[in-house]
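Those protein sequence lines, which keep their order, are chains A and B.
Numbering of the first sequence is given in the working numbering, commencing with residue 1 and proceeding in unit increments.
Numbering of the second sequence is given in the working numbering, commencing with residue 227 and proceeding in unit increments.
Calculated from the structure, these hints are not laboratory results.
Mixed in with the good hints there might be a few duds.
Restricting the straight-line Cα-Cα distance to at most 20 Å, the calculated cross-link-like pairs of lysine to any residue (SDA-like) are [unchecked claim]:
(1) B:Lys491 / A:Asp12
(2) B:Lys490 / A:Ala27
(3) B:Lys316 / B:Asn295
(4) A:Lys195 / B:Lys316
(5) B:Lys285 / A:Gln5
(6) A:Lys142 / B:Ile271
(7) B:Lys289 / A:Cys226
(8) A:Lys142 / B:Val476
(9) A:Lys142 / B:Met387
(10) B:Lys276 / A:Leu20
(11) A:Lys6 / B:Ile287
(12) B:Lys285 / A:Ala27
(13) B:Lys413 / A:Ala27
(14) A:Lys103 / A:Glu129
(15) B:Lys289 / A:Ile4
(16) B:Lys289 / A:Ser3
(17) B:Lys482 / A:Lys6
(18) B:Lys424 / B:Leu461
(19) B:Lys401 / B:Leu360
(20) A:Lys142 / B:Arg272
(21) B:Lys289 / B:Ser273
(22) A:Lys35 / A:Arg198
(23) B:Lys285 / B:Gln253
(24) A:Lys142 / B:Leu360
(25) B:Lys491 / A:Leu220
(26) A:Lys195 / B:Arg480
(27) A:Lys178 / B:Glu486
(28) A:Lys142 / B:Leu282
(29) B:Lys276 / A:Ala2
(30) B:Lys401 / A:Trp224
(31) A:Lys142 / B:Arg281
(32) B:Lys276 / A:Ile4
(33) B:Lys413 / B:Lys401
(34) B:Lys413 / A:Arg137
(35) B:Lys424 / B:Glu303
(36) A:Lys178 / B:Val476
(37) A:Lys178 / B:Leu481
(38) A:Lys195 / A:Ala27
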Amino acid sequence: MASIQKFLIALDNSLAERFLQPDRIDAFIERESSKVFQRVQRSGLECFPEIEREQVRRLCQTLPSLGNKMEASGFHVADEAQTDAREKDDRRGTLENERVLTKGVLQYPGAEVLLDMLESGERGSSLLETNMEVLLRHVEVKRQQALRRYSEPLTRTLRWRERCAYAALFCRYADLKKDGRFMNAALKLSEWLWKERRRSIPALPALPLLLALVEQERILQGLWSC
Amino acid sequence: MLKVLLFAPISTSLYSRLVLHGLLREQGVQVVGVAVRSPWNMQRIRSEWKRDGSRLAQKVIRKYLLRENAFRGIAVENLASFAASVQLPKGTLKELAGSWNLPYLVCRDLSADECAQFVFQHAPDVIVFTGGGLIRQNILQIPPLGVLNCHTGILPAYRGMDVVEWTALECAIQKVGFGVSLHYMDKGVDTGPVLLVKRFDPVEGDTFSTIRMRLEVEMVRVMLAGVRGIVSGDLHAHAQTPLAGRQYFVMHPRLKAVAEENLKKSLRNS
Chain A
1 MASIQKFLIA
11 LDNSLAERFL
21 QPDRIDAFIE
31 RESSKVFQRV
41 QRSGLECFPE
51 IEREQVRRLC
61 QTLPSLGNKM
71 EASGFHVADE
81 AQTDAREKDD
91 RRGTLENERV
101 LTKGVLQYPG
111 AEVLLDMLES
121 GERGSSLLET
131 NMEVLLRHVE
141 VKRQQALRRY
151 SEPLTRTLRW
161 RERCAYAALF
171 CRYADLKKDG
181 RFMNAALKLS
191 EWLWKERRRS
201 IPALPALPLL
211 LALVEQERIL
221 QGLWSC
Chain B
227 MLKVLLFAPI
237 STSLYSRLVL
247 HGLLREQGVQ
257 VVGVAVRSPW
267 NMQRIRSEWK
277 RDGSRLAQKV
287 IRKYLLRENA
297 FRGIAVENLA
307 SFAASVQLPK
317 GTLKELAGSW
327 NLPYLVCRDL
337 SADECAQFVF
347 QHAPDVIVFT
357 GGGLIRQNIL
367 QIPPLGVLNC
377 HTGILPAYRG
387 MDVVEWTALE
397 CAIQKVGFGV
407 SLHYMDKGVD
417 TGPVLLVKRF
427 DPVEGDTFST
437 IRMRLEVEMV
447 RVMLAGVRGI
457 VSGDLHAHAQ
467 TPLAGRQYFV
477 MHPRLKAVAE
487 ENLKKSLRNS
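Could you build all of it, start to finish, from the sequences and the hints given here?
Structure (structure tokens):
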């Protein structure tokens, strides 16, 4: 009996929570960002699909804060051609009643609309706050199933991009509000996305996840210590 | 006489057994039944696995298999040492209820129809909830006083899961503190009217694990003190302001590591 108890106690102690280790994230960031920059240096930003150009720009702005060696390489992408205001208005118009989540279904492109709001002067708007609180609860309750249902049929890649955009959105909102609950959800989201990409055949594009992870690691640096 | 019915998550729960043991000895209290959620339910296993991941395996080992033995060799006050001090009989909740001839129900879900029928039949004034998942409106509305729950955090500030860790992460150990709160359940998560809040001062060397162990003992004491207060009429519930707190969720291990550092810092500086 005593030996069974000892075995159970040892088993209990060995069941540490498993999670995506920071060194694996660092290695991914290093590897994938290097690929992106080599490609830009070789063929220019134009070689990326239009949908990815803004992400590459964002990556260039964010990576130096992680001390990534790309900063030293002299790599630079002109800070130009941000999405124009009309395009943002069009995106926002797609939201029914300005709600990103309706009866468990996500409006597309909800993540992009909320990211636009974060980057514009609407950071404190109740609309943003309301949507983010609803999304937080949705992600925490539905977990891996949370970002699967959209208001319109999306290709596999578009759906992937949108889900990665949600992970980045949660990071940036956590940073803005200094609210760890959103960082917590972002960490879970990025881990689910990581696992999904590893299983995917053919591989899902790395750039959207790369951007989300770079945002995550940037914001995690020292933000939460007292 | 206050008629009380106990809800429990599993028949081996030490917390539930201690609360029942205490209730059976309270003046002016009549325990009218015990309802326990069955652990052998795929829906329950699936939803708890989704929420807790590997922590579920730890819960099963500690609460179902090891029980009091999970605390062996631990120096801080814990449920097992408390059980020994109050001479809690060995065995399960079923055996404890059986020795007092209490009606006992094992059900798939504590909000299931069979459980609602059981509650109707025994007509308690209050249900004492010691775990077992969400309770739906069909049950919440039956007892005239309501359903009592003891939460391991300070209400209204910290609602939901892992709030000991969240208090540390948000540097609120001095400002809000650790503790337990006794409240009536409503349809929200830890949003119902609060009866009693007991604060707890951590000491140097405390970890989340030792704090939780001591809070679990406080939960038993506060639950019994709450029932006593209801019987004597000394305790009155106060509604929570919705915006006075936030709901927290299971904390990711990376944030938990930061929270642990914050706890150590706070204990060193206090």
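Provide an ascending list of the numbers of those earlier hints which the structure does not satisfy.
1, 2, 4, 7, 12, 13, 17, 19, 23, 29, 32, 33
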